[in-house]
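Undergrad: Single-letter residue listing:
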Amino acid sequence: MSLLKTVQEKLSSHFSRVTEESVRTTLSAIMDPDLGKDIVSLGFVRNLKVSGSDVTLDINLTTPACPVKDKMKTEAEELLRKIPGIGNITVNMTATTRGKVTQAGSPIAASLGGVKNIIAVASGKGGVGKSTTAVNLAYSLAASGSSVGLLDADVYGPSIPHMTKPNKPEQSNSNLINPPLAGSVRIMSIGLFAGGDKATILRGPMVSGVIKQFLTQVNWGELDYLIIDYPPGTGDIQLTLSQTAPITGAVVVTTPQDVALIDVRKAIAMFDTMKVPVLGVVETMSYFLCDGCTKKHYIFRDGGGRRVASEFGVSFLGEIPMEPNVANACDQGRPLVESDPQSIAARAYRDIAGAVAAQVSMIHEAYKDALNHFSIEWRA
Amino acid sequence: MTSTSTQQMTARVQSGPAPRVKSISQLDERTLGITWTDNLISSFDVVDLRRKCPCATCIDEWTHEQLLKPESVPETVRPLKVESVGQYALTIQFNDGHRTGIYTFSMLRRLPNTQKN
Chain A
2 MSLLKTVQEK
12 LSSHFSRVTE
22 ESVRTTLSAI
32 MDPDLGKDIV
42 SLGFVRNLKV
52 SGSDVTLDIN
62 LTTPACPVKD
72 KMKTEAEELL
82 RKIPGIGNIT
92 VNMTATTRGK
102 VTQAGSPIAA
112 SLGGVKNIIA
122 VASGKGGVGK
132 STTAVNLAYS
142 LAASGSSVGL
152 LDADVYGPSI
162 PHMTKPNKPE
172 QSNSNLINPP
182 LAGSVRIMSI
192 GLFAGGDKAT
202 ILRGPMVSGV
212 IKQFLTQVNW
222 GELDYLIIDY
232 PPGTGDIQLT
242 LSQTAPITGA
252 VVVTTPQDVA
262 LIDVRKAIAM
272 FDTMKVPVLG
282 VVETMSYFLC
292 DGCTKKHYIF
302 RDGGGRRVAS
312 EFGVSFLGEI
322 PMEPNVANAC
332 DQGRPLVESD
342 PQSIAARAYR
352 DIAGAVAAQV
362 SMIHEAYKDA
372 LNHFSIEWRA
Chain B
80 MTSTSTQQMT
90 ARVQSGPAPR
100 VKSISQLDER
110 TLGITWTDNL
120 ISSFDVVDLR
130 RKCPCATCID
140 EWTHEQLLKP
150 ESVPETVRPL
160 KVESVGQYAL
170 TIQFNDGHRT
180 GIYTFSMLRR
190 LPNTQKN
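Chains as they are written, first to last, in our numbering: chain A, 2 to 381; chain B, 80 to 196.
Misleading hints may appear alongside valid ones.
Derived, one-sided and incomplete: chain A residues facing chain B with beta-carbon distance under 10 Å [what the hints assert, rightly or not]:
#1 49
#2 51
#3 73
#4 247
#5 275
#6 276
#7 295
#8 364
#9 367
#10 368
#11 370
#12 373
#13 376
#14 380
FYI, nobody ran anything at the bench for these hints, they're computed from the structure. Every residue gets a Cβ at the ideal spot worked out from N, C-alpha and C, and that includes glycine.
Only chain A is shown next, with the shape it has when bound in the complex (with noise of 0.2 Å):
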């Protein structure tokens, strides 16, 4: 019996032929969590090749930052296995940022052009750790392999530039400012002119006009993802922003208690207003780890970001622990996520980053045929 089945199974992989079709029709089985369809008809698979029994091939995802990548790589490589004659089996996990937030011939052009999505990082209220989160949010996708900018839209209290100290700005040859590195992030925040501990005091139009410029005049140049600071609330400056440049989407941030909540709420209902899809919540000081064991001490009480969440339909994306090394990172001016990255914090934010990349990735196949802009001139 067992010697009849051996004798089957040589004939068999001695006949059958491994065929680009029979690798599209195993992959097929593959779906996408995020998007609900196979990986074969969302046109992931690329540069496939068989020569003799051999397959090689690339899944092209839609963002290097996809939480599923490497379970995907797993599950591909297991599937082809099972094709019978099969030999070397090379999958290369590969991305393409999906998005443009802008046509040529708008006013934004020059400066977002090539700017791929936008996402803003806000809250209802301040100090709940909204930079820091747009800083390790934009710092974790830089480290999937994305090209990322960090805009510091809060004019009145900068304080990207003292988190990721980056160098000087400079006047590129169009007039436009080309946003400084810090690490492999661009920046750009008020605070890189008007000098770190001096106030900015301006009125409410003076912060449109400083807004705008950051949206028209800045030499972004070719991002992935350009990452917003919010400055906190829901005022004049967040109507500019959101009314200037298409945001694609909006994480807000919060606190677990119950009056930070009442602003969260607020922020959603301003994002839902301007029709800006909310990607979903981030609560930080969820938390305290003390250094002396491993309890999780909820001091603010807990569970609040993950209701306010369910109560809009949004997505819960996470929970930051409130651990010294958070703090003393910023202050530092190196991210968390790059000076610390097997802390809990770090990895909680890796994992925000990762559902955030695939939310922005769902948006692009709900508005795939949406104008982004639009003009038309009536006729008599």
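On the provided structure of chain A, position chain B as indicated by the hints.
TA: Coordinates of chain B only, in the frame set by chain A:
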């Protein structure tokens, strides 16, 4: 990603993101046509849109009382230009000089002019 956030993402996809404009065009001398990303189709009489202008000079911001007398808008009013505002609204510049109305997509879809494709 935690299993909870995956479940919630799925829930969000089912509920669907707010529709945006897929295509927009002038259908005849006084009708504006919009096809939305969920494939619903709307057509709007531009004179009716001018009479329902939602701007702060036409609708009182606090009482929501209509300050514009609809009958004061002549049948001959026409747009000069229709343009997008952000990703959530459009604005119409009319030939009577009025140009401050921001018509949100959700307002337009609430008007009784939308039908299934």
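Undergrad: Hint numbers the structure violates, sorted upward?
TA: 1, 2, 3 and 7
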